[in-house]
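Here's the letter readout for the chains.
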Amino acid sequence: MHPEIDRFAHLSSPLHRLDARAKITVFLVFLVAAALVRHLPGALLALGLAFWWVVLSRIPLSFICRRLKAVMLFLSPFLILLPLTHPGGWEAGLRQGGVIFIKGLAMVLVVFPMFGTTPFHVSMKALASLKVPERLVAMILFTYRYLFGFAEEVRTMQQAARARGFKPRSNRRTLGTFGNLIGLMVVRAYERTERIYQAMLARGFKNKFGTLSEFSFTWPDAGKSLGILLAAAVLVGVDRLWPKFFG
Amino acid sequence: MAEVLRIDGLTFAYSNGTAALADVNLSVREGETVAFIGANGAGKTTLFLYILGLLRKIPREVTVLGEALTSVEAVEAVRSRVGLVFQNPEDQLFCTTVFDDVAFGPINLGFDAETVKGRVTQALAAVGLEGFERRVPHHLSTGEQRRAALATIYAMRPEIMLLDEPTSNLDPRGKKEVTQLLKEFPGTKLIATHDYELVLTIADRVVLLHQGRIRANGSPEKILTDEALLQANDLEMPMVLRYFLALKNRAAAGNG
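Quick note, the sequences are listed as chains A and B, same order.
Quick note, the first sequence lines up with residues 1 to 247 if you use this note's numbering.
Quick note, the second sequence lines up with residues 1001 to 1256 if you use this note's numbering.
Derived by calculation from the structure, the hints in this document are not laboratory data.
Covered stretches of chain A (chain B as the covering partner; in silico rule of three or more C-beta atoms under 8 Å from a C-beta of chain B): (1) 114-123; (2) 133-144; (3) 197-204.
With a straight-line cut-off of 25 Å between C-alpha atoms, the simulated PhoX-like cross-links for lysine-lysine are: (4) A:Lys-206 to B:Lys-1117; (5) A:Lys-206 to B:Lys-1057; (6) B:Lys-1117 to A:Lys-208; (7) B:Lys-1117 to A:Lys-131.
Just so it is clear, CB atoms sit at the ideal spot from N, CA and C, and this is done for glycine as well.
Use the sequences and the hints to build the structure in full.
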């Protein structure tokens, strides 16, 4: 199984049709706005908006939920630890933990319509056309391209070890075996990197990535972008004004 | 026919001291298909990488298409005229779509978007992968990956093609398809291979390498039927030829 984020990029939705450059830019603005949220109503609004865009994007919820498990695992300690350690008492801690948990979830949810509705390579081209340094884009692209390949190699090596009777235990030998495995992966990755670079040079690569730009920003794109930007502005406004009126 | 590749007295060792090529002298003529055979580690892949300046920045011993490779500029210029297909297509296909991979070379050659698209379409059609443009390379079967790798080079329209084990890891059908494709590709071809069927089908000449040295250079029939020569260089005669020769000898003995 390849857990690509762009598995459903072939679907059709208003977000799929939005210009990739505009999509990345406006969702990035929204992510910043969500990161600035400090109160529970703002966090809930961010989550609501993120959920709305996920529904709009038509990416199956089952696909997203499977990937959210790890995020939940990462965020849940905030909900548990903050009520116990917050200087303002458990209630303030729970509130703050809740805000972090909910806005964290909202931000991860936004990544799906942001990068899941465009083929990954097009998103990277969009980043390049947004003047993100070419080397950085190339690094992201290669990391994404080979992540699954290396994951498969790890799985194959694990299978080879198991086929020879290896059972992971909490002992030194297991640690040593996993250490060897990781070391071997690094060596293999380095060797493959060299071969890929040779393949690139052989095809005329001169340390500069060329792209065929295919983007066009239309009026509907402007409308959708404005909508997302407006949502970000409302989010910041609600979060800032809430304590004044209801705090 | 004009000489398109010349190598004079090439000796090369890797930085760890492993001797890879020793006193290699070679001449290839335009339109020739030359097969390089030899046991693993004989130096076939090293020779190909060396020709394109991928092991030493300036491969002074090499002259390609009349151009002596005595400067970095000359080496870079020659890479647009000589295509190399790597043994493992996973190394060759590093982009996230087949289109991007095939377009990578033509874009580096500086062609405009329309020309690049045209070349990609034509290259994919030539290898029978029409409609694969948006496919993810690492999701393709080994045979499809091999054909896509060929398309990445074909799109650059090189005058010389260097093919490293083009039929390895392919099933019989895949081998047949790739052999047919190579037969149809125009230009000069240098093929490093263990596949004798491929050699007998398309090679005009065979160069036998052993421990980095050229041990024999001649027609496929002459070299692949010389059992003593093959055995002395850690190779085996193809089974089909062995039977054919046995039958021939038996017939000759019967006639005698």
